[in-house]
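*Asks:* Protein sequence lines correspond, in order, to chains A and B.
In case it helps, my numbering puts the first sequence at residues 1 to 518.
In case it helps, my numbering puts the second sequence at residues 1 to 518.
Check each hint, because a few of them may be wrong.
Which chain A residues stay away from chain B? Per the calculated CB distances, all over 12 Å, these [said to hold, decoys possible]:
#1 47
#2 60
#3 168
#4 184
#5 197
#6 204
#7 218
#8 392
Here are the simulated distance ranges between beta carbons [stated by the list, open to error]:
#9 81/B x 178/A: 51 to 59 Å
#10 340/B x 189/A: 43 to 51 Å
#11 290/A x 249/B: 54 to 62 Å
Output of the computed footprint for chain B on chain A, the stretches with three or more beta carbons under 8 Å from beta carbons of chain B [claimed, not checked]:
#12 232-241
#13 246-252
#14 366-375
In short, the hints are calculated from the structure, not lab data.
Computed from a prediction, not measured in an experiment: that's the story for all the values here.
Virtual Cβ for every residue (Gly too), placed ideally from N, Cα, C.
Read off the chains here:
Protein chains: 2
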Amino acid sequence: MAKPWATFGIDLHLEPAAGGLRRGLTDALREAVRTGRLAPGTRLPSSRSLAADLGIARNTVADAYADLVAEGWLSARQGSGTRVAERGVGAGAVGGVGAGAVGGAGVAAGTAAVGGVGVGVDVADVLAGPGSRPGVPGTSPSPEPVHRRARGLPPPPAPRPLYNLIPGTPDLASFPRAEWLKAARRALTTAPYQALDYGDPRGRVELRTALAHYLARARGVRADPDRIVVCAGFSHGLRLLGALLRARGARTVAVESYGLDVHWNLLAAAGLRTTPLPFDERGTDPGRLTDEDAVLLTPAHQFPVGGTLHRDRRAAVVDWARRTGGLVVEDDYDGEFRYDRQPVGALQGLDPDHVVYAGTASKSLAPGLRLGWLVVPPHLMGEVLRAKGGIDACGSLDQLTLAEFLTSGAYDRHVRAARLRYRRRRDALVAELARRAPKVRATGIAAGLHVVLRLPPGTEQQALRAAAWHGLAVHGLHRFRHPEAGVEQDDALVVGYGTPPDHAWSGALEALCAALPE
Amino acid sequence: MAKPWATFGIDLHLEPAAGGLRRGLTDALREAVRTGRLAPGTRLPSSRSLAADLGIARNTVADAYADLVAEGWLSARQGSGTRVAERGVGAGAVGGVGAGAVGGAGVAAGTAAVGGVGVGVDVADVLAGPGSRPGVPGTSPSPEPVHRRARGLPPPPAPRPLYNLIPGTPDLASFPRAEWLKAARRALTTAPYQALDYGDPRGRVELRTALAHYLARARGVRADPDRIVVCAGFSHGLRLLGALLRARGARTVAVESYGLDVHWNLLAAAGLRTTPLPFDERGTDPGRLTDEDAVLLTPAHQFPVGGTLHRDRRAAVVDWARRTGGLVVEDDYDGEFRYDRQPVGALQGLDPDHVVYAGTASKSLAPGLRLGWLVVPPHLMGEVLRAKGGIDACGSLDQLTLAEFLTSGAYDRHVRAARLRYRRRRDALVAELARRAPKVRATGIAAGLHVVLRLPPGTEQQALRAAAWHGLAVHGLHRFRHPEAGVEQDDALVVGYGTPPDHAWSGALEALCAALPE
């Protein structure tokens, strides 16, 4: 079907097509709903208002709305205007936008839904999608478009994607709610009332004790409850370490060439410069470390590229720390999830006096818990607690619940079940790619909740545009590259296959394959 | 009974008494257990070790231990040594040391109990109590004491008081556990899975919406879910505001003459100087505000002195803020608890564009929840969220549970029940004081969880020593005085009658009366 509505930017181009304006508007709106660019429940502007924005007759809009209500794409009710119809399974598949989306679409949408502001949506902007659809003829801009800049409506929420493969979040629909509530009941029923008081700035001793046992057993960490500091996720822990380093006069932290900009920004906010280290097939190269004050690494599973730090390099990192007094920060964000071989123990086990181990419940359970932990060299405990403000930052009930969850064995059961589920997804992803996108090579597949899909040179932006067109939220590898990294950039997508709920997984995989070069 | 063991400092003075060394040691140990200076469950050093420390025969110690086991003060079991016996009601009465004790005795004791370190206790140090007992003859240091410095044992935990009347903590034993668990179940059962993701940096919209309704209804706050920022208690909120002020170039924050040093220290850590404002019977005087960048106030119930800010002064504070662009920070820490008249509305209601309202669940529910909230002027929202690091700091499950607790009416029911309970305690306290300590005047009794007991001039230190001797943790008013405050200091105790659990309340009141001048 020829598309009479070519759209790009925030301008909306109108072109009289064979079916006339009404047919063109109807098709464009239907497509926006079908692909999820207009989310279920979204309230459309009044026909008068949209007509004014588009510079067309009000009746044309009203007729297009009526057609789509008849077809079931929209719903209209007296007094509440015209909305995008709720769907069955499809509606539930629309996830949040994940780790990177703080302050973005998810926030705005949530506010609109509950806070009661911004109930309108700028359809003209939503129709103006992520660019002309690649590889589909007839969608290039018309040489004589009718330009109408949308105006007068409140700033629109960004369109919500239908599927989410952004890495950084586990499958939240599989959070073990019943088991967690059971642990919460046991924990709160048996806790002494003093557990509800202002607490130890290190966190609840029950949780620190449970973590010390678990981390020693599962990750080879040399832990002691007295040296564990519970914090509100990895970001909070990194803020504490940034403040500590700055207070010691540190200036520079070496980081990996690829990583998360939120981490670099946290260090920058503490007044610390980040300098990227080069890497090769044995992982990040610590041979380039010189007079940096610290180094931030993901030794078990480089994020996002995916390798494991070679044992020689692990030793070299520790040697550097001993020689220079530098601090190693080990981000063990997904140490639980390894599929094809034995887990790699924590680097911290090599030298607990020079390595801060940082773990989190965000990948194994859920980021919403806001629970992470640092295992801190003894001589730094006082400074970490001063940076923390001398007070426990995390709710004691969640801490007691996680302690109970760990000691009762529920955590191990949950991790084993999740590992199996994620491994099946990974296998399905790899098999489907081999069949449908043989030019794409999946790397970094041995562990974690994401893979890197290597693309033919020069095709990353095109793949991202295609993904957006298919309603798929996904990031390119370039997004994770440190601005000063010298490494030549490869074209790739970073695919978080752990993110979607089970019922949306096959749809997400289908959208991904459709977006990849064949 | 004459006491052969006079103790002070960490030195232990031995004096051959009528009953001999064995009798003296037995009496001193019994007294230490009775008053709670040796807590139930505490493991005593071996008789060999204590004998060496005290420079007496091992048999003398073994005999004293045996006497006290026979009397039921100690318990001895093969393989686990001698411990202070667990008591019935009495043991449960030993609370934590409250808000000010972070990192102090409570922490060390907790670690010993669960972490398995520091199982020993230096009895010689524990026997060396808070000073010679005032007003009891025969306890002054002997002119020829046998000095023995305790040595060789790990650093001891400070002695735990038997009763706790330090303000700042509600009756944690009355935390509504069953209702909270019910709300947690409802919240977690109905939450969308996206609620477990990284969240809105302002906090969960469900909680912000519930708070907006509650604060408008109960506290007269002009609130909007979009302008509420959930934070990990008041301290966290104050840290955010301190960072915001500093980032704006602020230098000075005016504070009240009496307050909490932890708050002044938080502001100092942000690089802000605090300057105290004078006060009189109409409360803190804003007439002295000049070019300060902000002012931190407790308008509804001055902490700790107890008055309400007069309406003329409320207006004057807002006038100052409008005239100078200064920021007013309203700490509404116990706004729910007012007994003899209608609650005083929040100052924020006068001018939501110049006042940040700060509330907390720490007094109405429990500090361990680590949940507080700021209502922020619109033009400051971006800066507050930047200071917060662009991420939600609090667990979403606790936030959803509190939202459910508020909207279901459970919060109102709990506050009403707690208000009645606290009011009864306050009435009992006032009546008992009138009967037993007529020289003492209770002030600031109309609201909150604490009163100020005005003492005859020059008797505060004496009363504090007496309280310690009676196993009572309580603070003097001088502790809350800003170091630069010009106000003449009155002798007084600040008594947190909300703190003890119900079963310890009458014992705490008895200990308090015993410590006061008759």
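*Asks:* If a hint holds in the structure, say so; if it doesn't, say that too.
*Replies:* These are the hints, each one checked on the structure:
{"no.": "1", "hint": "47", "verdict": "holds, 29 Å"}
{"no.": "2", "hint": "60", "verdict": "holds, 36 Å"}
{"no.": "3", "hint": "168", "verdict": "violated, 8 Å"}
{"no.": "4", "hint": "184", "verdict": "violated, 6 Å"}
{"no.": "5", "hint": "197", "verdict": "violated, 5 Å"}
{"no.": "6", "hint": "204", "verdict": "violated, 9 Å"}
{"no.": "7", "hint": "218", "verdict": "holds, 20 Å"}
{"no.": "8", "hint": "392", "verdict": "violated, 7 Å"}
{"no.": "9", "hint": "81/B x 178/A: 51 to 59 Å", "verdict": "violated, 43 Å"}
{"no.": "10", "hint": "340/B x 189/A: 43 to 51 Å", "verdict": "violated, 37 Å"}
{"no.": "11", "hint": "290/A x 249/B: 54 to 62 Å", "verdict": "violated, 36 Å"}
{"no.": "12", "hint": "232-241", "verdict": "holds (count 5)"}
{"no.": "13", "hint": "246-252", "verdict": "violated (count 0)"}
{"no.": "14", "hint": "366-375", "verdict": "holds (count 6)"}
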